[in-house]
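Hey, can you work out the whole structure from these sequences and the hints?
As you go down the protein sequences, you meet chains A and B in turn.
First residue of the first sequence? That's 0 in numbering that gives the first Met the number 0, and the numbers climb one at a time after it.
First residue of the second sequence? That's 0 in numbering that gives the first Met the number 0, and the numbers climb one at a time after it.
One or more hints might be untrue.
Which copy is meant is left open, so a pair is good if it fits within one copy or across any two.
[Claimed, not checked] Subject to a maximum C-alpha distance of 30 Å in a straight line, what follows is the list of computed DSBU-like cross-link-like pairs (lysine-lysine):
1. Lys211 / Lys279
2. Lys163 / Lys9
3. Lys9 / Lys352
4. Lys279 / Lys9
5. Lys25 / Lys9
6. Lys291 / Lys47
7. Lys263 / Lys211
8. Lys291 / Lys163
9. Lys9 / Lys213
10. Lys330 / Lys352
11. Lys352 / Lys17
12. Lys9 / Lys211
Quick caveat, the hints were computed from the structure, so don't treat them as lab data.
Keep in mind that this is a model prediction, so the values were computed, not measured.
2 protein chains.
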Amino acid sequence: MILEICTRAKAVSIELAKLSSETKNKALRQMAEALIANVSSILLANRKDVNAAKASGLKAALLERLALDQRKIETMARSLHEISELPDPVGEVINTWTRPNGLIIAQVRVPLGVVGIIFESRPDVTSDSAGICLKSGNAVILRGGSDAINSNVAIGKILRSALKTSGVPEDAIQVVNSPERSLVEEFMQMRQFVDVLIPRGGAELIRTVVEKAKVPVIETGTGNCHIYIEEDADLEKAIPIIVNAKVQRPGACNAAEKLLIGEKIASGFLPRVVKALRAKSVEIRGDEWTLKLVPDAIRATEEDWYREYLDLVIAIKVVRDIDEAIEHINKYGSKHSDAILTSSFEKAQRFLKEVDSAAVYWNASTRFTDGNQFGLGAEIGISTQKFHARGPMSVQHLTSTKYIVVGNWHSRS
Amino acid sequence: MILEICTRAKAVSIELAKLSSETKNKALRQMAEALIANVSSILLANRKDVNAAKASGLKAALLERLALDQRKIETMARSLHEISELPDPVGEVINTWTRPNGLIIAQVRVPLGVVGIIFESRPDVTSDSAGICLKSGNAVILRGGSDAINSNVAIGKILRSALKTSGVPEDAIQVVNSPERSLVEEFMQMRQFVDVLIPRGGAELIRTVVEKAKVPVIETGTGNCHIYIEEDADLEKAIPIIVNAKVQRPGACNAAEKLLIGEKIASGFLPRVVKALRAKSVEIRGDEWTLKLVPDAIRATEEDWYREYLDLVIAIKVVRDIDEAIEHINKYGSKHSDAILTSSFEKAQRFLKEVDSAAVYWNASTRFTDGNQFGLGAEIGISTQKFHARGPMSVQHLTSTKYIVVGNWHSRS
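This is how it looks when you write it as structure tokens:
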């Protein structure tokens with residue numbers, strides 16, 4: 000079954016690469032309208048999933064992600080409209096030059112071909128991913144969590160019928176409608192058909208896909224983000240940034256999970272920032288030094304330094320100097336987003352250069368790592384790997400390039 | 000042992016990312032000089048490999064690739080000098096912009112980190128790959144064929160001592176000096192340490208690496224390249240291009256392996272081009288139509304259409320029209336380099352757009368797909384995948400990017 004799905008996706012990808020921007024944008028708008036026109040049938044399907052999940056005892060946080068309502072569906076539709084307004088990356092001429100022998104060479108942007116998305120129980124991923132893939136001229140195969148299968152299938156069906164009325168082949172969007180696990184395993188081996196796999200979800204899902212896939216994978220999302228505050232920082236201005244990075248949306252991958260404090264300012268600053276964080280209900284963990292200054296904090300274990308809490312928890316460590324801060328981040332971090340707060344240009348330059356993460360910040364909250372915040376438009380995830388794409392992945396990152404060479408009957412001498 | 004090598008490479012990669020262009024270029028020049036100064040010890044080590052290979056009955060073509068001489072070593076040295084003269088990709092500011100809220104964002108080029116090269120019995124790959132990786136700020140781990148182990152270890156030792164005198168950490172270049180197979184298997188799993196694996200060699204090697212690796216792989220080199228000659232082509236001018244693409248260097252991956260001929264010109268043109276190819280000792284295989292026109296040609300099997308001969312052999316097929324040509328190439332080709340010969344602008348546009356290959360040509364020989372011919376400088380291979388890099392891979396393709404974000408104490412609202 001998965002072989003058939005992949006074969007159809009591959010076949011249709013050739014057609015999709017040829018679509019005009021107008022056709023794709025029209026289809027995106029019709030997809031948005033179809034979602035709105037079918038709110039009740041989506042909610043009906045979603046209700047089935049939610050009831051089953053409740054019966055099986057799914058955790059509240061996951062239930063919340065699974066459950067749709069009118070507002071969430073409107074957001075999905077709005078997101079499709081926004082994608083329709085982005086510039087079309089396909090066909091962009093990146094560079095063109097003429098060789099001394101007269102050969103004209105152009106490097107142009109083309110779709111990747113077939114994108115596989117493996118995700119958990121968030122049905123809104125279905126329409127977001129489908130929109131981004133269509134805009135970038137790719138066929139998409141969506142395999143969501145079995146908890147959300149009724150919702151995903153319903154959304155997929157609605158999006159496909161919108162494609163049909165827009166003159167885009169329906170198989171541009173395919174939802175795998177079987178919850179069988181062996182199917183995913185098979186899917187991850189389809190290197191001949193699938194050009195990239197993007198897992199969207201928790202660290203465990205991502206690890207599994209990376210371990211098992213033969214298809215190239217883009218790792219997204221795990222964010223063990225750090226803020227390092229240095230003795231030359233403006234301590235007054237620093238506190239709101241640290242609080243913002245931790246509490247504005249603790250479940251987001253770009254939320255700060257760790258705070259490193261230079262030892263020269265620790266005794267004065269650490270209790271103050273702890274007070275500000277606790278005022279927002281943040282649980283404080285820390286190293287020995289932190290515990291001396293804040294005796295009722297929880298002692299952080301070695302494992303804490305690696306962890307992404309995705310919750311109102313922060314671990315604090317006092318570091319000797321910028322060397323120790325950089326070393327700590329490069330060792331324990333997830334290469335997502337890390338910030339230095341300092342008024343020293345030299346120290347900032349060192350941090351920005353030597354911290355090996357997708358986004359490095361000077362005097363700003365890590366919460367800005369996001370396609371829209373960066374001005375890149377809708378994103379399909381934040382890549383934490385260096386290969387192919389790094390940081391917020393917009394429609395452009397679902398493309399490759401090709402060289403077009405025009406000769407005048409040239410042979411190589 | 001491979002774990003130690005990988006750990007050292009990872010550790011040193013942080014230092015390499017910080018090296019100035021001057022330091023790297025000086026090291027490259029010293030590496031070149033060291034090769035020339037040590038020609039005799041390289042040749043001595045190579046002699047051991049060649050003798051052992053002869054004794055074990057290695058094929059002549061492979062022996063030729065294995066054997067070094069003064070001239071080959073001079074070419075290796077010249078190549079290092081050329082790499083030293085290329086622009087340094089590291090630190091390049093690709094784009095910079097300011098967001099409406101005043102955040103300044105820059106996207107800058109950074110090294111990938113650690114590059115693994117798995118190759119066969121061509122010792123010159125050792126110095127070429129080491130040079131390209133050093134220039135792009137990456138640590139390299141080289142694992143060559145066991146046939147060439149003495150040569151590779153000797154070259155590695157010389158390059159490392161040149162690094163030492165240039166102030167570059169020696170572990171920037173590491174040669175795996177054990178021929179054990181289990182070691183390669185282990186190497187391919189080192190995702191924590193190695194950022195990309197590039198297999199350089201035959202189709203079998205590449206297939207194995209793609210199958211077994213957990214580290215991201217770039218597939219390079221397999222070239223089942225096509226030329227499609229169309230009824231509107233200038234037949235006189237076409238013949239030298241076809242002959243050039245086939246015979247100028249039949250062992251190269253960008254040599255033409257297949258010729259597709261439009262049926263309207265087949266009866267007149269096919270015998271003529273066969274005559275020209277046979278004058279250069281090319282063996283002719285073909286479909287039924289070809290055999291009717293050239294009865295002593297060999298009948299091509301289904302498998303022939305997939306094959307890369309790397310030899311003075313070509314298979315010819317008569318096609319109905321451009322649709323069949325494009326379909327055939329997309330089905331049987333290796334997505335490397337494919338050409339159309341035609342005077343029709345419309346048909347050329349269709350071919351260039353719809354043939355899904357790294358390089359597509361109009362009225363030129365496929366032999367131009369090459370870093371130097373494209374003006375990109377030394378290359379580490381021709382990528383035939385769409386992920387990360389496609390086509391000739393120069394120093395720039397061994398880099399990633401990072402986002403540098405400078406705020407004025409910005410929090411996200």
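- [ ] Could you work out which earlier hints the structure fails to respect and list their numbers in ascending sequence?
- [x] Hints 1, 4, 6, 7 and 8 not satisfied by this model.
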